[in-house]
Every structure is written in C-alpha cells, then in structure tokens.
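Chemist: In order, the protein sequence lines correspond to chains S and C.
With the first letter of the first sequence counted as 1, position 81 gets the number 81 in the working numbering; the numbers rise by one all the way through.
With the first letter of the second sequence counted as 1, position 23 gets the number 137 in the working numbering; the numbers rise by one all the way through.
Treat each hint with caution, since some may be false.
What the hints assert, rightly or not - Cross-link-like lysine-lysine pairs, in silico, DSS-like; alpha carbons within 27 Å at most:
no.: 1; chain 1: S; residue 1: K71; chain 2: S; residue 2: K11
no.: 2; chain 1: C; residue 1: K214; chain 2: C; residue 2: K170
no.: 3; chain 1: C; residue 1: K140; chain 2: C; residue 2: K184
no.: 4; chain 1: C; residue 1: K219; chain 2: S; residue 2: K11
no.: 5; chain 1: S; residue 1: K57; chain 2: C; residue 2: K140
no.: 6; chain 1: S; residue 1: K57; chain 2: C; residue 2: K214
no.: 7; chain 1: S; residue 1: K57; chain 2: C; residue 2: K170
no.: 8; chain 1: C; residue 1: K140; chain 2: C; residue 2: K219
no.: 9; chain 1: C; residue 1: K184; chain 2: C; residue 2: K170
no.: 10; chain 1: C; residue 1: K214; chain 2: S; residue 2: K71
Honestly, the hints are just simulated from the structure, not real lab data.
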Amino acid sequence: DTGVSQDPRHKITKRGQNVTFRCDPISEHNRLYWYRQTLGQGPEFLTYFQNEAQLEKSRLLSDRFSAERPKGSFSTLEIQRTEQGDSAMYLCASSLDTGGAVRYFGPGTRLTVT
Amino acid sequence: SQQGEEDPQALSIQEGENATMNCSYKTSINNLQWYRQNSGRGLVHLILIRSNEREKHSGRLRVTLDTSKKSSSLLITASRAADTASYFCATDAGGGSNYKLTFGKGTLLTVNP
Numbered sequence: 001d002t003g004v005s006q007d008p009r010h011k012i013t014k015r016g017q018n019v020t021f022r023c024d025p026i027s028e029h030n031r032l033y034w035y036r037q038t039l040g041q042g043p044e045f046l047t048y049f050q051n052e053a054q055l056e057k058s059r060l061l062s063d064r065f066s067a068e069r070p071k072g073s074f075s076t077l078e079i080q081r082t083e084q085g086d087s088a089m090y091l092c093a094s095s096l097d098t099g100g101a102v103r104y105f106g107p108g109t110r111l112t113v114t
Numbered sequence: 115s116q117q118g119e120e121d122p123q124a125l126s127i128q129e130g131e132n133a134t135m136n137c138s139y140k141t142s143i144n145n146l147q148w149y150r151q152n153s154g155r156g157l158v159h160l161i162l163i164r165s166n167e168r169e170k171h172s173g174r175l176r177v178t179l180d181t182s183k184k185s186s187s188l189l190i191t192a193s194r195a196a197d198t199a200s201y202f203c204a205t206d207a208g209g210g211s212n213y214k215l216t217f218g219k220g221t222l223l224t225v226n227p
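Model the full structure from these sequences, guided by the hints.
Modeler: Set out below in structure tokens:
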C-alpha cells in the first residue's frame, strides 16, 4: 500500500505529558499537511511543508506544537504539555507540488488527553 | 476558520434514492473539492471542480458550482448503504494561499438499507 500512513492510530495520554505523532506521505509528494479535526467539525489546517521547509503555520498551532519534516520525507508533530483541549483527530495529508492539488489523507491519529 | 458551510447538517435517505448536499463559501476560489469521511477514518477525495467549470460528473456523483452565488452542490444518485459517511466541501483560494484547503463542517449522510 503506497498511501499516507500515520502512527499511532490512537494515543491516550495524561494532561501535561508530551506526545509525538508520525506521518509518512506518498513518496513522490513534495507537500505535506497537518490538520486537526474535532467531533462534528471539518478538518482545520495546522501547518504545511514543501519538501523539508515548513512554509505556513496556522494560529491554531500554539507554541506547544512543533512539526518537522527532516529530509523532506516523513513528518512528526509533537505536542508538549498536553491539555484536554488538544483531544482531537490529527490528520496528515500529502499532495503533489502544484496549487489546487488533491490531498491524500492518512487514517489519522486520535488523541485523547485525560 | 471554516470557509464552507454544508447544508443540511444531516441527511437520512433510503437506498436507491438520490442525495443532494449543498455547500456555500465566502471568498473567491481557485477550485472546490468534495471529500468523504467514513466514521473515525481519514478523508477520501471524491471530485474537484475548478472555478471556470459549472458541472462535473464522476460515476454516480454530480457536482455543480455557481461562483456568482458562491455555492456548490453534490448529488449522489442511486445511493447505497456504503455511501453512509460524512461529506465535506473544501475550498482552495489559490494564489498565495494555494497550500490551504479550507473545509466546511460537513453533511452526515445515512443511507438506510
């Protein structure tokens, strides 16, 4: 299967702990995106990479959040000092390096902060 | 912020019936995309319509776009139980924001067998 993969699929953590999620995009896709989705809402844009460069970050991405994409391959999203409000589905997507391109989404990581 | 707003929020129909979902948006777009999400899973792209197109078909899907009204509709014909999912429209503003796909809140479609 050459689709977008995410790991882990589920994460339960206690408030105040740090968590890290991983996304492996489709190999030929230069662009990689992170979205957050809460219950009953559509996905909200968090950040995006073109190759290894992080080119845009949403205001939703507080300083407790950091994302990396070393060598333009997989990406990680880390949340430090988690809060209950961070509970959500974190979706990763990738696309070709063209405007208006179709996004290919991974299955998501569901984070529950207790 | 959510750019698109889908209507209705929820729709329940019988297998074999057609389902129509509407999407309204606020700003100029380069293209509009529809995605499907099965319960608790990632999103799957269904169809993309560009701002200079008015109608597009793909299998049992028909999408229309009216840029003067800033609205789009998704029609699923001859629905099946497997079409049960949430459907989202997403707008691409293009230009300097061509990285950002902005999603609506979605329409939850239930197709009863």
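Chemist: I'd like to know which numbered hints this structure contradicts. Please list them from smallest to largest.
Modeler: Hint check: 7 fails alone, others pass.
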